[in-house]
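Engineer: Below, each chain spelled out in residue letters.
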Amino acid sequence: MNLSKYSSLFLILIVLFSCSDNNDNDGNSSDNYNRQALLSNIANNIILPAHTSFDLGLDNFSSNVSVFNQDRSIGNLLNVQESFVEAYKMWQHIEMFNIGLAEEIYFIQKMNIYPANVTRIENNLNSDNIDLDNNPNQYSSQGFPAIDYLLFGIAETNELILDVYLENQENNIYMNYLILLVDKMVSNSDAVLEYWQNNKEDFINSNGNTSSSSLNMLTNDFIYYYEKGLRANKIGIPAGVWSDVLPQNVEAYYKSNISKQLSIEALNASKNFFLGKHFGSQTDGEGLYDYLGYLDDTNYSDSLMFIGLNDDIVSSFDNSMQKLMLLDDNFALQIQTDNIKMLEAYDAIQQGVVRLKTNMLSILGISVDYFDADGD
Amino acid sequence: MKQNILKYLNTNIPPFSLTVYRIGFGILVMFSIIRFWSRGWIEKLYLEPDFHFTYLGFSWVEPLGLYTYLIFFICFLSGLFVTIGYKYRFAIITLFLSFTYIELMDKTTYLNHYYLISCISLLMIFLPASSYFSIDSARNKFQIPRWSVDSLKILLIIVYLYAGLAKINSDWLIQAQPLKLWLKEKYSIPLIGDTLLQKEFIHYLFSWGGMLYDISIPFLLLVKRTRIFAFVMVIVFHVLTRILFPPIGMFPYIMIFSCIIFFDNSVHKKILDFISKSFKINYNKIYEEKILEKKSFINQLSLIFVCIFLFVQVIFPLRNKFYPGELLWTEQGYRFSWRVMLVEKTGYTTLKVIDQTNGKHILIDNKDYLTEFQEKQMSFQSDFILEYAHYIGDIYQKKGFKDIAVYAESYVTINGRPSQLYIDPTVNLYKQNRSLKNKEWIMPFKYDIKRFL
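Chains as they are written, first to last, in my numbering: chain A, 122 to 497; chain B, -15 to 437.
Next up, chain A with everything else stripped away, as it sits in the complex (with noise of 0.2 Å):
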């Protein structure tokens, strides 16, 4: 009964110390990580200035549109052409955040599911009673990419679009849609903006460790875009990696030339987000990088199983860029002519999703899907 004996001392140890130390308060948190200081640094530095640009660009698209509303002349009709292709770049930076507001009024969905559906846009333009709002059949009949086909897919150069918009100025129906289109774009985007205004310290305070808590859903969030929203949508599907190639089926197909540039803002975002680099400069705060570096130190003192995850991932990224880098401006051209690079850097970016969704989640101890079974 030796062995019992010093087994009971373990358990007695165990707890006496869980108990003596619940008493001493020197809280010792010093060695800890901060994550109320990543959150802060998310929320005040790349949620928060990310939204309220974007929200700017909006703004400015909007006006563009009123002034070519106005006075429809083709210097017009580029200048909203133009706004147009800087919002959606500005976007590239939010999406991930499908939080709160965003997630309830399904502001991502309204904003850009692509491809856009022609047909129900063609029919809306004839109808006075379109719910935008609440029928998602009509996700992908507004935001971006109903507006992409508004401005570059109506007709095979500026001069014939804007012949289009010339008809019947009084009550043309494109006009109308277009504006009924950015009105809304504009109105939950303010929400939105408002939503993170309003709710920064709740969630900057919600730093538990449960499905609801800020760091879970950012993490899962995160994940979930780059997977779906960056790796499936912008590259896989159109590269015909679960099924036939669709080169229609690009991010801005009809403005045709930026499908590269709003991938590489993307992963920029993405980027950006895990170093927890501040939105639109070059300061380095707190991010899931710096989070995972923590853990991943301390993890095992042998240095033979010490990962560098945090570099790792970086270098995922990294290796990603160039991909991209060596793609067609136009990915649907690029994937006519060479579908092979779009396969290669598709699967560069599958080489972070991996990374993501096997080391990070484990190390973070975040589970992917909150369902409550019971485990052991």
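Derived from the structure by calculation, the hints contain no laboratory data.
It is possible that some hints are incorrect.
What the hints assert, rightly or not - With a cut-off of at most 20 Å between alpha-carbon atoms, the simulated EDC-like pairs for lysine to aspartate or glutamate come out as follows: (1) B/Lys(-9) x B/Glu169; (2) B/Lys336 x A/Asp468; (3) A/Lys305 x A/Glu315; (4) A/Lys305 x A/Asp180; (5) B/Lys382 x A/Asp365; (6) B/Lys183 x A/Glu224; (7) A/Lys321 x A/Asp176; (8) B/Lys344 x A/Asp449; (9) B/Lys28 x A/Asp495; (10) B/Lys351 x A/Asp342; (11) B/Lys415 x B/Asp378; (12) A/Lys305 x A/Asp495; (13) A/Lys349 x B/Glu393; (14) A/Lys321 x A/Asp304; (15) B/Lys336 x A/Asp365; (16) A/Lys210 x A/Asp323; (17) B/Lys329 x A/Asp495; (18) B/Lys336 x A/Glu348; (19) B/Lys383 x A/Asp365; (20) B/Lys329 x A/Asp417; (21) B/Lys183 x B/Glu169; (22) A/Lys444 x A/Glu465; (23) B/Lys344 x A/Asp459; (24) B/Lys170 x A/Asp495; (25) A/Lys349 x B/Glu184; (26) B/Lys170 x A/Asp417; (27) A/Lys392 x A/Asp468; (28) A/Lys349 x B/Asp352; (29) B/Lys351 x B/Asp378; (30) B/Lys170 x A/Asp459; (31) B/Lys430 x A/Glu315.
As the list claims (entries may be wrong) - What follows is a set of in silico ranges between Cβ atoms, one per label pair, in the way DEER data are often shown: (32) A/Gly414 x B/Phe300: 26 to 32 Å; (33) A/Asn244 x B/Asp352: 53 to 59 Å; (34) A/Glu280 x B/Asp352: 43 to 49 Å.
What you are looking at is a predicted structure, and each value in this text was computed from that prediction instead of being measured.
We treat Cβ as the ideally placed atom computed from N, Cα and C, and that holds for glycine.
Fit chain B to the given chain A structure using the hints.
Structural biologist: Okay, now just chain B, sitting in the frame of chain A:
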């Protein structure tokens, strides 16, 4: 020696402890069913998915649509019958069959303590557990053979001992993994979460303490002098696991309750008296000492079965020795071996189907075919991946693919190590059969984990 054995086998004892065990076990099963049902898990786990992962040889066991609820109800009812001791033998057989059927429906939900419930109910078929304090016993009042109570104790000793021996490995003891990962992520537990649980010495203390607890606790429970202390430890330990790892579900309650069997009959008598009093059961048929009838052929047969059962229980967890490679990695011989909370394993697996006549290929989106829970389990367990590959291959055969090949791209991480390729990406899984043979298409594990078992 032989005489001693015979003498032991013929020793009879009062039936109090076995009676308490019967009552409690039935209640726990009823409670588990209610809990499972009320959380909507029957729907979610068995009715919603189109596909279920099956056990080798039991692929015929599947959910029966809405009748699945009936199986759960039957299981609940048999738990009730076991508790009150009505038609006991029939009830416990029904309980064993219905509960085991439920567990066999989908491998995704495998849990060691579900398996434990199946084992206990199987064993209890052969124990005279309704000879006292039961509706049946209005007719029969017996003393029961001592071995019947001891067989339950032996089963519990096996469970604890194997759970403890499995923890004697270099990851658990030297790296304090996976507890290091698991405890560090519990930072939101009040007071200890962000302080104590972040400390390395606590990770080691829990790892070593857990291992020593598992190995020693059944023996501390056996010895009268240490029993009370041991039982307090049982409660502390299992309540602690419940606090730290909420998804552990019913497991702590089942173990705490089961350990009561180690107490003397006098304690169980008091429990029964207490039940009589609180529920105003007028159990005035005072227990009489009456020796179990010798003629009992059933009794002999039961003894033989119980011996075989316990022997299998000792042997079965050792079967991983027949497989090469790292156990935690391949998981060959991992289940049904009391390896509880032993590893943090996460995977990412996607399948590619190819029509080899024209080279047409398609990547499978798991969400189209599996629930999130199934996808999670499939992603790091080789037998799941193989069954899934066959399922997908069959689907594409119906879709008109010819000469099908299915390949897996699979990455798995163990205990926070870098993830590595899990399944040989060049092997056509559609051509591999499900069997107990070594799965040669599992990639070798890059690291070395030393282990005792």
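Engineer: Now tell me if each hint is right for this structure.
Structural biologist: Against the structure, the hints come out as follows:
Only pairs whose Cα atoms come within 20 Å are accepted, and B/Lys(-9) paired with B/Glu169 is rejected, the gap being roughly 54 Å. Under the criterion of a C-alpha separation no larger than 20 Å, the hint pairing B/Lys336 with A/Asp468 is consistent with the structure, at around 14 Å. Our distance criterion of 20 Å between C-alpha atoms is met by A/Lys305 and A/Glu315, whose separation comes to about 15 Å. Straight-line distance between C-alpha atoms of A/Lys305 and A/Asp180 comes to about 12 Å, which keeps the hinted pair within the 20 Å bound.
Under the criterion of a C-alpha separation no larger than 20 Å, the hint pairing B/Lys382 with A/Asp365 is consistent with the structure, at around 18 Å. Restraint check for B/Lys183 and A/Glu224: the C-alpha separation of about 37 Å exceeds 20 Å, so the hint is violated. Between A/Lys321 and A/Asp176, the direct Cα distance comes to roughly 17 Å. Compliance with the 20 Å bound is thereby established for this hinted pair. Distance restraint check for B/Lys344 and A/Asp449: the Cα-Cα separation of roughly 25 Å exceeds the 20 Å cut-off, and the hinted pair is therefore not satisfied.
About 13 Å separates the Cα atoms of B/Lys28 and A/Asp495, which keeps this hinted pair within 20 Å; it holds. The hinted pair formed by B/Lys351 and A/Asp342 meets the criterion: a straight-line CA distance of about 17 Å does not exceed 20 Å. As the CA atoms of B/Lys415 and B/Asp378 are separated by approximately 12 Å, the hinted pair is consistent with the 20 Å bound. The suggested pairing of A/Lys305 with A/Asp495 is violated, with an alpha-carbon distance near 43 Å, which exceeds 20 Å.
Taking the CA atoms of A/Lys349 and B/Glu393, the gap is about 18 Å. The hint holds against a cut of 20 Å. Restraint check for A/Lys321 and A/Asp304: the C-alpha separation of about 25 Å exceeds 20 Å, so the hint is violated. Using a Cα cut-off of 20 Å, the hinted pair B/Lys336 and A/Asp365 holds, with the two alpha carbons roughly 14 Å apart. Simply put, A/Lys210 and A/Asp323 have alpha-carbon atoms about 29 Å apart, too far for the 20 Å limit, and the pair is violated.
About 16 Å separates the Cα atoms of B/Lys329 and A/Asp495, which keeps this hinted pair within 20 Å; it holds. Distance check on the hinted pair: B/Lys336 and A/Glu348 sit about 17 Å apart at the alpha-carbon level, within 20 Å; holds. A hinted pair counts as satisfied when its Cα atoms are at most 20 Å apart, and B/Lys383 with A/Asp365 qualifies at roughly 15 Å. Distance restraint check for B/Lys329 and A/Asp417: the Cα-Cα separation of roughly 16 Å lies within the 20 Å cut-off, and the hinted pair is therefore satisfied.
Proposed proximity of B/Lys183 and B/Glu169 is supported: the alpha carbons are some 12 Å apart, at most 20 Å. For the suggested pair A/Lys444 and A/Glu465, the alpha carbons sit about 7 Å apart, so the restraint of at most 20 Å is met. Only pairs whose Cα atoms come within 20 Å are accepted, and B/Lys344 paired with A/Asp459 is accepted, the gap being roughly 17 Å. A hinted pair counts as satisfied when its Cα atoms are at most 20 Å apart, and B/Lys170 with A/Asp495 qualifies at roughly 17 Å.
About 37 Å separates the Cα atoms of A/Lys349 and B/Glu184, which puts this hinted pair outside 20 Å; it is violated. Taking the CA atoms of B/Lys170 and A/Asp417, the gap is about 16 Å. The hint holds against a cut of 20 Å. Proximity of A/Lys392 to A/Asp468 is assessed by CA-CA distance (about 17 Å); at most 20 Å being required, the pair is judged to hold. Distance restraint check for A/Lys349 and B/Asp352: the Cα-Cα separation of roughly 14 Å lies within the 20 Å cut-off, and the hinted pair is therefore satisfied.
Under the criterion of a C-alpha separation no larger than 20 Å, the hint pairing B/Lys351 with B/Asp378 is consistent with the structure, at around 17 Å. Between B/Lys170 and A/Asp459 the alpha-carbon distance is near 49 Å, which puts this suggested pair outside the 20 Å criterion. With a C-alpha separation of about 51 Å, the suggested pair B/Lys430 and A/Glu315 falls outside the 20 Å cut-off, and the hint is violated. For A/Gly414 paired with B/Phe300, a C-beta distance near 43 Å fails the hint of 26 to 32 Å.
The hint said 53 to 59 Å for the Cβ distance between A/Asn244 and B/Asp352, and at roughly 29 Å that hint is violated. The hinted range of 43 to 49 Å is satisfied by A/Glu280 and B/Asp352, whose Cβ atoms lie roughly 45 Å apart.
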